[in-house]
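Undergrad: Chains B, C and D: place on chain A using the hints.
Protein chains: 4
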Amino acid sequence: MTWSLEEVANHKDASSCWVIIDKCVYDVTEFLPEHPGGSSIILKYAGRDATSAYKPIHPSDALDKKLSSSQHLGPVSDDAAKILAKKEASKEKTKDELRVEQAMKQRPPLNRILNLSDMEEVAKQVLPYKTWAYYRSAADDEITFQENAQAFNRFFFHARVMRPVSKCDSSTRILGFETSLPIFASSAALAKLGHPLGEVNITRGCAPSKIVQIVSTAASLSYAEIAAASSPSQTLFFQYYKLKDDTVALKSIREIERLGYRAICLSVDIVVPSTRDRDVKSSWVLDAQENGVKVYNEGEADVDAGLGNAGSLIVNGDRDMTWEKTIPWLRSVTKLPLVIKGIQSVEDAILAAEAGVDGILISNHGGRQLEYSLPPLEILYRLRTQRPEIFQKLEVYIDGGVRRGTDVVKAVCLGAKAAGLGRAFLYAQSAYGEVGVRKVIDILEREILTTMRLLGAAKIADLTPDLVERVDWQPLAHAVKL
Amino acid sequence: MTWSLEEVANHKDASSCWVIIDKCVYDVTEFLPEHPGGSSIILKYAGRDATSAYKPIHPSDALDKKLSSSQHLGPVSDDAAKILAKKEASKEKTKDELRVEQAMKQRPPLNRILNLSDMEEVAKQVLPYKTWAYYRSAADDEITFQENAQAFNRFFFHARVMRPVSKCDSSTRILGFETSLPIFASSAALAKLGHPLGEVNITRGCAPSKIVQIVSTAASLSYAEIAAASSPSQTLFFQYYKLKDDTVALKSIREIERLGYRAICLSVDIVVPSTRDRDVKSSWVLDAQENGVKVYNEGEADVDAGLGNAGSLIVNGDRDMTWEKTIPWLRSVTKLPLVIKGIQSVEDAILAAEAGVDGILISNHGGRQLEYSLPPLEILYRLRTQRPEIFQKLEVYIDGGVRRGTDVVKAVCLGAKAAGLGRAFLYAQSAYGEVGVRKVIDILEREILTTMRLLGAAKIADLTPDLVERVDWQPLAHAVKL
Amino acid sequence: MTWSLEEVANHKDASSCWVIIDKCVYDVTEFLPEHPGGSSIILKYAGRDATSAYKPIHPSDALDKKLSSSQHLGPVSDDAAKILAKKEASKEKTKDELRVEQAMKQRPPLNRILNLSDMEEVAKQVLPYKTWAYYRSAADDEITFQENAQAFNRFFFHARVMRPVSKCDSSTRILGFETSLPIFASSAALAKLGHPLGEVNITRGCAPSKIVQIVSTAASLSYAEIAAASSPSQTLFFQYYKLKDDTVALKSIREIERLGYRAICLSVDIVVPSTRDRDVKSSWVLDAQENGVKVYNEGEADVDAGLGNAGSLIVNGDRDMTWEKTIPWLRSVTKLPLVIKGIQSVEDAILAAEAGVDGILISNHGGRQLEYSLPPLEILYRLRTQRPEIFQKLEVYIDGGVRRGTDVVKAVCLGAKAAGLGRAFLYAQSAYGEVGVRKVIDILEREILTTMRLLGAAKIADLTPDLVERVDWQPLAHAVKL
Amino acid sequence: MTWSLEEVANHKDASSCWVIIDKCVYDVTEFLPEHPGGSSIILKYAGRDATSAYKPIHPSDALDKKLSSSQHLGPVSDDAAKILAKKEASKEKTKDELRVEQAMKQRPPLNRILNLSDMEEVAKQVLPYKTWAYYRSAADDEITFQENAQAFNRFFFHARVMRPVSKCDSSTRILGFETSLPIFASSAALAKLGHPLGEVNITRGCAPSKIVQIVSTAASLSYAEIAAASSPSQTLFFQYYKLKDDTVALKSIREIERLGYRAICLSVDIVVPSTRDRDVKSSWVLDAQENGVKVYNEGEADVDAGLGNAGSLIVNGDRDMTWEKTIPWLRSVTKLPLVIKGIQSVEDAILAAEAGVDGILISNHGGRQLEYSLPPLEILYRLRTQRPEIFQKLEVYIDGGVRRGTDVVKAVCLGAKAAGLGRAFLYAQSAYGEVGVRKVIDILEREILTTMRLLGAAKIADLTPDLVERVDWQPLAHAVKL
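Residue numbers (the numbering used here), protein chains in the order written: chain A, 1 to 482; chain B, 1 to 482; chain C, 1 to 482; chain D, 1 to 482.
Heads up, some of the hints might be wrong.
It does not matter which identical chain is used: a pair holds within one copy or between any two.
[Said to hold, decoys possible] Below, computed lysine to aspartate or glutamate pairings styled on DMTMM-like, alpha-carbon distance capped at 25 Å:
#1 Lys130 <-> Asp22
#2 Lys23 <-> Asp64
#3 Lys459 <-> Asp318
#4 Lys167 <-> Glu34
#5 Lys130 <-> Asp118
In short, the hints are calculated from the structure, not lab data.
Chain A extracted, bound-state conformation (with noise of 0.2 Å):
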């Protein structure tokens, strides 16, 4: 049986809610209240074509894991599918569209790509707006994004000189696992956003330097097409969001063992949404390119202009996880090692190790949370000052801010284990796909072995506290343009 888009559009409300995805027509009606983006994107496509809103943002698997079978009404009718392509085929582009078109064959050749910078310059051209926006994005003023960077600068070295570094060795591990440098990729949502492969881009990317990925629980990729492209000798970890439901919360910790993920990376630091308003503003900007500006009407009504995209991943997460109570349930149905992401303070790095978890992810969402948590560069430090002892007890990595070896090498100097990157990657696979993704690992690992050999250290043991100081003054702003 399939359907004509007459029939499919009799379904356009709540009570009965009809959408078309790739020529396929869904009933989503008992679906709305569980969609974790809200019902109200979707109730915009009832009973019509939601496929190119719909494909960038979700993993191939979600309709299948979503609905049941008989959520799964068929294929449309041959005329209806000749009318959609046409349609698709007619649609005149955007000029942001046109722009992009553009910007993509104006990219430089990759061997121009010196730094970290460079790649965001690039990535920031040839990104659809609202793309770089959400990747961008963060918190209230973006106070805390710039100041996780900043932070770094307030670090410098003591470089030791007449120490052998013609052997220089970079590699280290994370809960074991072998990595060729003491970086990671942190988790980041939306790859496809950026380009047609997504996180597999980032997957193919680490390959070879064995960097390990932590795939965010809202890939746009299913976690199994994500652990189908990683190579044997790659570690995958979970970047895992609770869900309120301990029933629900429970089917992607089986999902992701049996797809060979080593460890699971609950995040704590995102228990609601934030605003991000350069996020939740892009449309307008689009929407004024597009049809001009839009002005007010004296008395018309307030409607909430939501989240953005931010806001939308997180709808039905557990808001009140404790540490008595969600760790052990967790060490109760799963023996994968537990990283707690989103550690904020000395005062719960100390009772993360008390709970006895494996490793902790000092971070703050890349400031895209909790506007003025403290960056995370000053945790790491002052965890390090009051409580060395810590670091015996349990890993810790730290995440934000970090764009240059330099400021790896910082981090690992004050103990941590590994510094992950979550935009750059975002950006690199946006800009040139997994060639990307290994151009940033490139550019790093000569930052980081040039940063040691520099320094006189001829491996990750040597990078001790005594090697970097934090001074009193205000040093130059990160990231100079030349």
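TA: Coordinates of chains B, C and D only, in the frame set by chain A:
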């Protein structure tokens, strides 16, 4: 009996001074020396129609309160009324009026106002330049104005994770009165300059969330009109600018007691006017727009430029208040709770506690009075650190520089019961009237609740000093434009 | 006997050097080596009319003081006078002169000058570029010049409230002499460059409020002319630049004693000239305006660029003054009170007290001498903190960087008897003559009184160190333009 | 025997590689792996004329030193010479060459260069872009480059007055060798890129004032040519970049001993090349000027961008130097005094003293090597504060960020025997040749003497630590443009 324009025009100096307001004639000869704004501004309109200058800054009951019935001379003649109306109608719009008209049409829809900076931006567009300059202006070089806001940047959060926050309650009490948020509308004069409904917009906007409003002595609506606009569950306080003459000073206390105001906030930071360059200069900017630049003529007298709107409000104030005299007098004349508004040092906070007042509002009048007064947040921080016991003896509030929910939460962590906003409400009501005020509160509610949850705080009492840290570096400026 | 231009022209080098000034001929051959500005500047006019270069920088009695009667050769012939007058009349105006002419017509009315920055802005417009560059210039990169002002920004007030201030008295005494405000006109040379009446504008402007004026050794009017312009109740001090030769050095002391000057301020911070790039470069800027850019010719000699106006004033100064020798000599030759001007360290403040002088003026010559000299306010603060007893032994003054009444009040709180302003008076008299000077004093009076009242201080003695705090953050820059 | 271009062209790859330089043919096949700049740059010219690439960066004796006589194959034929000459003559000038030509004509007269920033400005105009980028470039984001200079801003003077300074002597000794100023020309490579006479300009410019010159291992003139250009009373040191192979490493020591160099400065901060983005990117800038922007082709290989000029200089260096091995070896092979150049921590200064070397040059290679190396002045300050006795054991020098005489005096106050400048001399000789170098010294002499006198110091020994203070605020940026 009615008056011709010619008859009125005969009374055009201090020896006999008549003015026309709303087609009625008043003899203000005896009132001249009592006018808080000084006599010269009245004499400018002596023998003429003063309506357009009078109405936007005086409450409707001012003429009745200030003039005896014998000074109400009665209406102008019909002919006179016609001439005045014709004159009014034929007045050409100024460049600034045309600009405002245009800007009002360009206001963005309310739901595109994401934060208080967005709101201020709209207000700056739609306000008459002179009004904007008055609202926005501050003392001297506006250092204190800016430092008030910058002070919040030095305080970062120690966010706590793994704490239940699905239920999060931001409500608290101010002098025992309920409020859904730890904020209040701090007194701000002359709201009618920005919107015909003036202070009532704030009153109505605050009603649904029970936000306390401190009504200014210099409100442009009568205290009765404001009280009448309030809802029964709503709380109004009175910002009390004490006059020299105790008998006169008592009058307004008796009035607001009768009207149901719940507390008196005695202003102590404005015993003399400051210079607010932006305010004083605003007329010249407009004058230059209309009539071109004015130049110096060798030897011309140096007529005083005056002190702008600010100066005219406080000519007859009591400049000799003391703890020993003024507080006991106030206690003797009223049972209303007493808050001292304008505390600017730890020492005076202690004296206030010793004097047994109910609360102090740490404030430097939004940077409008003493340039280089310490930012209120810094005073609060010192009081918290040096004299924590004071917080047990009286309630402490703060205003000045609050722009974000994070600012409010920081102040509450440091011991403030609530943080006030002044200009934000003026801007909001100017731009959108009552719904603008509600929007401001909605924004702050979202920001405060998000901040609390991401901090791991489920109720106001969870906001404790250990959650904030005053950092030793120079953070980025507040409110970076996106 | 009169001289033809041809006869004068025969004496055109160092072997015999005549110049014409105001139609009279002078033989300056023997004077050449004694000229404080060096001989080369005179030789440029040898055998020619030097009037236009000579007059704006020399007092009227200079020719009588410096040349013997036999060197006064008498007037030029009538023919010569006609030719010179014609030449003068036919001189085309330079671009800069035309610019100044225009700017003079555009000056704002005096009552639109609200603060000292406004006044400086007018002066910058109406001054010949070379004069502005000389007044405004400072050593090297002008760091100290700017830091002098910025230092005030680090000091905030602890305002006190509930203190009677309806009566507020800003008067004080300097070395026992009355002044209505704790300010003085610090010595500043060459006022005639900015206005034909020069220093006398300052004298007359200071008279009504009894502001002390320190007259510069290098004043462009004679000490007698300035004294003659002063009112009986007014106080003049003398800024004494001691020459190498004690006998010559004594002359000016005897003169100013006779003229009724009340104190000697010995300059100790200008034993050699600094480089003031802006001053030196100013002629090139003008030259480029008139004649286009000058370029290098391979192999051309590197003729010294000189040291600008500053250098020429101090060629014959005593570079070997000591506490042991110079102070006793001065005490032995005069009974006038003695102030050391140019103290730049706590150590020297102590030595000055031990040497028994009457006062010290902490100053780095307005940032015009030693680059990276500590800001005077910082020295004052250290002296107050480290050696409070010094303030009992001598009077302490300060100058450099004072822009606002708040600056003055801060200095007084920290122990200064008064704060001096130099450029502010030069700018004011250049822009508006005597009334400009009075305007500056009026502005400061308003600002000082307002600050005192808002601080809770009713008299100078109420200004105590506890009212100011040196903050530990980087406040915003001084004098933000509105 | 002579060679036709066709014959040479047959040897165009690594199996047999011939190049033409100045009309002579060389077989560099065997030399390829030994080339410090790597083989690829030579192979670019295999079988072709390499003169224009070779000459500006190689000393005249390089071909004799590096190639055996059998590899000198003899001249090209007359026909070939004609063709090459014609080709050279017909080469069109690039945009950058035309720009430089124009800029050379616009250089200001030498006496209008008032300070080192002025000189740098001229150099920036007249240098080929690629050369400027190489000279000016620094590691990564050039933070350390800038912080080196900013560090001087944090040190202010405690000027002392009333001290005899009419006589003021700035002369001192470096390792016993006389110098008229406490400065030296720090080693800087490839001076010929900026001026045909290259390093010899510096040598000759330094002669009159006996300024010590440290000649770079990578000088673009032969050590002999430089020695020959020096005057008998002048002192040359040798910046020694030790090669892996001790026998080869010894050769240059023997050579410079023979030539009369007076000390060896062993470079220890450049064991591996850094990334200097500005340097690497400079060719692309030029390429874009000539040929337009280059774009990425999907799938194209990522050929390494190389490390610019910097990288090519140090391919065969000793990366395994140690205090235990390298110092004794050096002491065993030469009696010349030994300075360690590139000390970047207090700890290594102590080790250097223990190793008994004669001096240390605290330096981070002008910010060109390890990004976030502490500024040399900060290291000096810490050494002075923490380990003052080290200054008795060896001589301490500093380089990096010196721009003004005040900078030099600050370093000397803190214990440095002298402060070095590198880029300043490269810029000066590029802009004006030898007289440019002399100008730089004249400027510094004037600035140093003025600073000493205004500080109350009559000789170098008077420059003591109590005259400087490290301030606790953020001073204004260095070298504000007027």
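Undergrad: Against each hint, give a clear statement of whether it holds in the structure.
TA: Results for each hint:
In this assembly of identical chains, the alpha carbons of lysine 130 and aspartate 22 lie at most 25 Å apart only when taken from the same copy (23 Å versus 54 Å across copies). Taking identical chains as interchangeable, the C-alpha atoms of lysine 23 and aspartate 64 lie at most 25 Å apart only when both belong to the same chain, with a minimum of 15 Å there against 76 Å between chains. Taking the closest pair of Cα atoms, lysine 459 and aspartate 318 come within 25 Å of each other only across two copies (18 Å); inside a single copy the shortest separation is 41 Å, beyond that limit. Only between protomers do lysine 167 and glutamate 34 lie at most 25 Å apart by alpha-carbon distance; the minimum there is 20 Å, versus 55 Å within a single protomer.
With identical chains, the CA atoms of lysine 130 and aspartate 118 are at most 25 Å apart both within one copy (20 Å) and between copies (20 Å).
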